[in-house]
Amino acid sequence: MSTDVKTPQVNTQPHTSDPKGVKLPIYMDNHATTPMDPRVLEEMLPYFMEKFGNAASRNHSFGWVAEEGVETARERIAKLVGATTKEIIFTSGATESDNLAIKGVAEMYREKGNHIITAVTEHKAVLDTCKRLEKYGYRVTYLPVQKDGLIDLDDLKRAMDDKTILVTIMFANNEIGVLQPVAEIGKLCHERGVIFHTDATQAVGKVPVDVIKQNIDLASISGHKMYGPKGVGALYVRRKNPRVQISAIIDGGGHERGMRSGTLNVPGIVGLGKACAIAHEEMPQESCRLAGLRNRLRDRIMNRLDEAYINGSTEHRLPGNLNISFAYVEGESLLMGINDIAVSSGSACTSATLEPSYVLKALGTGDDLAHSSIRFGIGRFNTEPEVDYVADRVIETVERLRELSPLYEMAKEGINLKDVKWAGE
Amino acid sequence: MSYSDKVIDHYNNPRNVGSMDKSSNDVGTGLVGAPECGDVMKLQIKVNRETNVIEDAKFKTFGCGSAIASSSLATEWVKGKTVDEALAIKNMDIVKELSLPPVKIHCSVLAEDAIRAAIGDWKKKQGVHTPVAAEAK
Numbered sequence: 001m002s003t004d005v006k007t008p009q010v011n012t013q014p015h016t017s018d019p020k021g022v023k024l025p026i027y028m029d030n031h032a033t034t035p036m037d038p039r040v041l042e043e044m045l046p047y048f049m050e051k052f053g054n055a056a057s058r059n060h061s062f063g064w065v066a067e068e069g070v071e072t073a074r075e076r077i078a079k080l081v082g083a084t085t086k087e088i089i090f091t092s093g094a095t096e097s098d099n100l101a102i103k104g105v106a107e108m109y110r111e112k113g114n115h116i117i118t119a120v121t122e123h124k125a126v127l128d129t130c131k132r133l134e135k136y137g138y139r140v141t142y143l144p145v146q147k148d149g150l151i152d153l154d155d156l157k158r159a160m161d162d163k164t165i166l167v168t169i170m171f172a173n174n175e176i177g178v179l180q181p182v183a184e185i186g187k188l189c190h191e192r193g194v195i196f197h198t199d200a201t202q203a204v205g206k207v208p209v210d211v212i213k214q215n216i217d218l219a220s221i222s223g224h225k226m227y228g229p230k231g232v233g234a235l236y237v238r239r240k241n242p243r244v245q246i247s248a249i250i251d252g253g254g255h256e257r258g259m260r261s262g263t264l265n266v267p268g269i270v271g272l273g274k275a276c277a278i279a280h281e282e283m284p285q286e287s288c289r290l291a292g293l294r295n296r297l298r299d300r301i302m303n304r305l306d307e308a309y310i311n312g313s314t315e316h317r318l319p320g321n322l323n324i325s326f327a328y329v330e331g332e333s334l335l336m337g338i339n340d341i342a343v344s345s346g347s348a349c350t351s352a353t354l355e356p357s358y359v360l361k362a363l364g365t366g367d368d369l370a371h372s373s374i375r376f377g378i379g380r381f382n383t384e385p386e387v388d389y390v391a392d393r394v395i396e397t398v399e400r401l402r403e404l405s406p407l408y409e410m411a412k413e414g415i416n417l418k419d420v421k422w423a424g425e
Numbered sequence: 001m002s003y004s005d006k007v008i009d010h011y012n013n014p015r016n017v018g019s020m021d022k023s024s025n026d027v028g029t030g031l032v033g034a035p036e037c038g039d040v041m042k043l044q045i046k047v048n049r050e051t052n053v054i055e056d057a058k059f060k061t062f063g064c065g066s067a068i069a070s071s072s073l074a075t076e077w078v079k080g081k082t083v084d085e086a087l088a089i090k091n092m093d094i095v096k097e098l099s100l101p102p103v104k105i106h107c108s109v110l111a112e113d114a115i116r117a118a119i120g121d122w123k124k125k126q127g128v129h130t131p132v133a134a135e136a137k
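Chains as they are written, first to last, in my numbering: chain H, 1 to 425; chain D, 1 to 137.
Treat the hints with care, since some could be wrong.
Pairs of lysine-lysine residues, derived as DSS-like cross-links and limited to a Cα-Cα distance of at most 27 Å, are as follows [stated by the list, open to error]:
1) D:81 with H:421
2) H:131 with H:187
3) D:22 with H:421
4) D:124 with H:421
5) H:112 with H:86
Read the hints as simulated data drawn from the structure, not as lab findings.
For reference, chain D alone in the conformation it holds in the complex (with noise of 0.2 Å):
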């Protein structure tokens, strides 16, 4: 097995590492994955209630060089977008951006997942009833 060029240089200089204060309103927190299985992401976004856009995003990741790297371009990528856009991401473009093979696919689906589950904390803190939240499961 070997990594991609992408990957690894994902994993040696991970974008947006850090934390923000989840109980703020305007962030969402997305926590997915479990110990057990060897994977958990926290991805956090902090979105403009006038615009909806993802202004900021930051990620923590327990998990092998894939899934750092899954949640680290998650990040890059959801920042900029309206909410609505980042729900569009799906799992198989980070697959191809990385070029995961088949048995770290289930990286790339935990992102998307991640992005999911905080956009859905944060539409909750908005008042917003929406599925996405326990669709993240």
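Chain H on its own, in the form it takes in the complex (with noise of 0.2 Å):
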């Protein structure tokens, strides 16, 4: 699924190599996508041409090859979670899962109750969805989330009534990355017999998520989050100790155990399972040495910066995640002036809304340093020479902007930005 903050193209051609021997442009937007690992790429071909079945087709050996695949691929995503292969759904990615999720238990647990609770940080794909539902007589209550990002356990709590009948809170945010107390609040929700389900599309792959110790009753999984394909993606649907029921929103052939009609994207599901796979038997080692590189991305920007501000919580944070608002220079212009490293800004100007990151807004972040943001997002092809690289032109640029920035200027007189009037407030 897309993620709210969007990198503008630039049309100027960037340098191609550097002194240092980094390979230009350097990716490093890997919350937005991830690059597919080759081995998935491989583990995928032979769905294309040789084993092409459709995996519904049981009465010839295309099918039966084809389903095999999908059944290894399932099997594969539900080891990573610790799930049971009959609790997994494929779907066309994590926008779709969350559609089903919430769609699903709403329309079927409505004689229960029509109460849903969620947080003001939510992807748009729980949170619009969610609106929807309010059209249609469902009550949504929004938690606000603390200066870290994450929501207070006493919030929900007093958030819950007799009529709430589904909590979805993600797992892990998509721009500042922090990580939600899941287990925490999936045993809130077991105790009072709701449902939990998470979003945990920036989650899965890059910090263990289980699904019995974590009480998570529906998960949304992602491939292309993950090294794997775009337009794959998967729900994870309890079986017992609660058995959790939906209903489908596609309607067809009744595939996927009448959740989810359609036929199975094989290539896809088997790139899927074979991410999941490669981050099953990585992520320890992989973890840390993103965190690694991402500490050291921050303390070379930190040491060298004064006025940044690192936005959420450092604490319980995705490994690969970094995002930081730089006083006094807005987003958009820095993202242009580091044209050759992709990356993300909380800024208006990046958005399509004209709105800044309502993210960082709920974090309390001002509009101001909102806009002056950066999202970091480093992942798995990322090197330490690209980090020192990008560390270097974030701080030269920043510098640059800032002699340029009248308010930059304003502040180092001494004037308080808060205490002038504005003419475009």
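Using the hints, put the two standalone chains together into the complex.
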């Protein structure tokens, strides 16, 4: 699924090499999407031409071979999140999984209640789904978050009532990478007989996800956020303690045990499965390496620039995520200055809505600092020389733009920008 | 979204960056926009009292590349013009020159506002009552 911060394309030709031997441009926007791991592609290739069968064809070997590929993938996904194979439903991606989980529960449990709880920092795939349900008579509570981006469990407790049927809180945030206390949320839900869905798009394959230990009933999973292909995802649907049922939103041939009709995207599913197998194998080392690179980037930038602020919890966070606001510098102009590096900004200028990041605003970050934010998403294929190059480019560009910034000048003159009566306000 | 070559040129080589003494009688200062909106432009002009010609202009801008380019271009254009000629600069002229896309038109509006605000400030210092500064809001 797409993320809410977008990177503008710059039509200048970026440099092609750097003295340090870094290959340009550098991709460091791994929350938007990840490049596919070559091992994933290799696994998928036979399923386009040779093993092209319809996994639902029961009467010939073409179908059986395709089905075998799908079932292997199902096992791999289930293993990565601690589920059983019958609990994995394939979809077109995490946006569909979020829709299916939320709308599916809403319809199935309509008799029981009409109240849903979510949080203001959720992805639009969750927020907009909830908004649509409000039109159909559901009640939705949007929990605020604390300064570090985490919800307050007491807020959640207070929000739950006897009409609450679903709590949907994301595992890891796509902008600031903060990890919600999912196990505790799930426990609170289970104590009250409420279903717990988590959009785990950014988390699966990056940090340990265990649906049993973390009391998760439904979890959305995406292929292209974990070095797998685009256009494929999955939804975990718990089968016991409690058994969760969902209504389908796509009707048809009754695939995926009636929960998601449509011919299976066999190559995509095989790719998602392989991506999960690799993640399962390599996560411990990879998360250490990525956290090391992230900390290196953070320290280099923070040591050399004043008035740079990290957005979101530094403790409960994805290893590859860094989100910094550079005061007095507008995010899009910063992106333009580092046009040989692909990162994202929470600046309004980079979004279609002309509103700065709602996630950062929810943390209490002022609009001015939300406009000044950059999201770095470090991934599997980033290297230490790349991190050093990015740090240097960011520092020099921020310094240059601050020399150009009237706000920086005013701040240095000792003017409190909050006290200024701005003409544009 | 892509930037025009002219926007990129102004972004990479902004003209007339800097500040002038805002307490000087010959200097008019316009500060428009707001940090919360993601754009703040400061545009200053130095006017010859005899001829009303803008002899120098400086800017500093917090904003996207198009905002930086619009204000950089504005300083280029006002230089050498009389105050009245400078007031005739319209935001659509800037849009045309920089090939700004529709979502960036507000950057050009802000640049026009900045010119008007700077001239308004200068006129106020000369004791001329004028509504242009207020219009800049």
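Against the structure, the hints come out as follows:
1. D:81 with H:421: violated, 30 Å
2. H:131 with H:187: holds, 26 Å
3. D:22 with H:421: Measuring from Cα to Cα gives roughly 17 Å; hence the hint holds.
4. D:124 with H:421: holds, 19 Å
5. H:112 with H:86: Distance ~25 Å between residue 112 of chain H and residue 86 of chain H Cα, so the pair holds.
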